[in-house]
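Engineer: Sequence order for the protein chains is U and F.
First residue of the first sequence? That's 1 in this note's numbering, and the numbers climb one at a time after it.
First residue of the second sequence? That's 114 in this note's numbering, and the numbers climb one at a time after it.
Among the hints, a few may not be true.
To be verified - List time: in silico SDA-like cross-link candidates among lysine to any residue, alpha-carbon distance up to 25 angstroms:
{"id": "1", "chain 1": "U", "residue 1": "Lys41", "chain 2": "F", "residue 2": "His189"}
{"id": "2", "chain 1": "U", "residue 1": "Lys55", "chain 2": "U", "residue 2": "Gln38"}
{"id": "3", "chain 1": "F", "residue 1": "Lys217", "chain 2": "U", "residue 2": "Asp88"}
{"id": "4", "chain 1": "F", "residue 1": "Lys114", "chain 2": "U", "residue 2": "Thr57"}
{"id": "5", "chain 1": "U", "residue 1": "Lys66", "chain 2": "F", "residue 2": "Ala212"}
{"id": "6", "chain 1": "U", "residue 1": "Lys14", "chain 2": "U", "residue 2": "Thr78"}
{"id": "7", "chain 1": "U", "residue 1": "Lys20", "chain 2": "U", "residue 2": "His7"}
{"id": "8", "chain 1": "U", "residue 1": "Lys41", "chain 2": "F", "residue 2": "Val158"}
{"id": "9", "chain 1": "F", "residue 1": "Lys130", "chain 2": "F", "residue 2": "Thr161"}
What the hints assert, rightly or not - The following residues of chain F were derived to be distant from chain U, with all beta-carbon distances above 10 angstroms:
{"id": "10", "residue": "Asn115"}
{"id": "11", "residue": "Pro121"}
{"id": "12", "residue": "Gly129"}
{"id": "13", "residue": "Thr133"}
{"id": "14", "residue": "Met163"}
{"id": "15", "residue": "Ser166"}
{"id": "16", "residue": "Arg174"}
{"id": "17", "residue": "Tyr175"}
{"id": "18", "residue": "Thr176"}
{"id": "19", "residue": "Thr178"}
{"id": "20", "residue": "Asp182"}
{"id": "21", "residue": "Ala192"}
{"id": "22", "residue": "Ser198"}
{"id": "23", "residue": "Gly207"}
{"id": "24", "residue": "Gln208"}
{"id": "25", "residue": "Ser225"}
By construction, these hints were calculated from the structure, which means they are not laboratory data.
Think of the CB as a built atom: it goes at the ideal place given N, C-alpha and C, for glycine as much as any other residue.
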Amino acid sequence: GAVVSQHPSRVICKSGTSVKIECRSLDFQATTMFWYRQFPKQSLMLMATSNEGSKATYEQGVEKDKFLINHASLTLSTLTVTSAHPEDSSFYICSARDGGGQFFGPGTRLTVL
Amino acid sequence: KNQVEQSPQSLIILEGKNCTLQCNYTVSPFSNLRWYKQDTGRGPVSLTIMTFSENTKSNGRYTATLDADTKQSSLHITASQLSDSASYICVVSGQAGTALIFGKGTTLSVSS
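Okay, chain U solo, but in the shape it has when bound:
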């Protein structure tokens, strides 16, 4: 089946720094990629939807200036958490869609100290 990778799998950073998370579709081209955030014992919450070559569409309540999304190619999308704070600590999961379905990455655990 289709494989989606994320890097890094885990990151710990100091408050105020920026963190970039990469999401790649390894064996298919994804015209649409999604970024989710998941807090402990909660369901996945959609943050934004990005289409290759265009600006991302953010869900209500998600700050676009804080969570920068770039979808520069059909196989790569990046999420940058700018000026991270402890409340941004969470599990970030990307997902990529092709004609056959939607596939999830393994997630990135972000801890902001």
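Given chain U, work out where chain F should sit, using these hints.
Structural biologist: Positioned in the frame of chain U, the structure of chain F alone reads:
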């Protein structure tokens, strides 16, 4: 409002036993329903996907059912194994191109 409700919230069973997880949804229009398994600290992995016309679909020891009339689905796990311990998430898709709607998941713990 489009919603997906799962029950029970958590479940503990003995290894080798069977169990059934429930999913009710109010999403309309309906495109498909998926069950995912999410291990702790990992991304969701697809188990089954069913469209409106499908009533049942199996994937090894996992069997999903769908009743589109009552808007209910179940996931039956047969002869549970310790590795089945995970969160099982029901996800419903509305019209093509719209966002997936996630249930909160059922946390299954299989003990020896």
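Engineer: Against each hint, give a clear statement of whether it holds in the structure.
Structural biologist: Verification of the supplied hints:
no., hint, verdict
1, U:Lys41 <-> F:His189, "22 angstroms, holds"
2, U:Lys55 <-> U:Gln38, "23 angstroms, holds"
3, F:Lys217 <-> U:Asp88, "20 angstroms, holds"
4, F:Lys114 <-> U:Thr57, "21 angstroms, holds"
5, U:Lys66 <-> F:Ala212, "22 angstroms, holds"
6, U:Lys14 <-> U:Thr78, "20 angstroms, holds"
7, U:Lys20 <-> U:His7, "9 angstroms, holds"
8, U:Lys41 <-> F:Val158, "17 angstroms, holds"
9, F:Lys130 <-> F:Thr161, "21 angstroms, holds"
10, Asn115, "13 angstroms, holds"
11, Pro121, "14 angstroms, holds"
12, Gly129, "27 angstroms, holds"
13, Thr133, "20 angstroms, holds"
14, Met163, "12 angstroms, holds"
15, Ser166, "17 angstroms, holds"
16, Arg174, "18 angstroms, holds"
17, Tyr175, "15 angstroms, holds"
18, Thr176, "19 angstroms, holds"
19, Thr178, "20 angstroms, holds"
20, Asp182, "25 angstroms, holds"
21, Ala192, "24 angstroms, holds"
22, Ser198, "15 angstroms, holds"
23, Gly207, "13 angstroms, holds"
24, Gln208, "14 angstroms, holds"
25, Ser225, "24 angstroms, holds"
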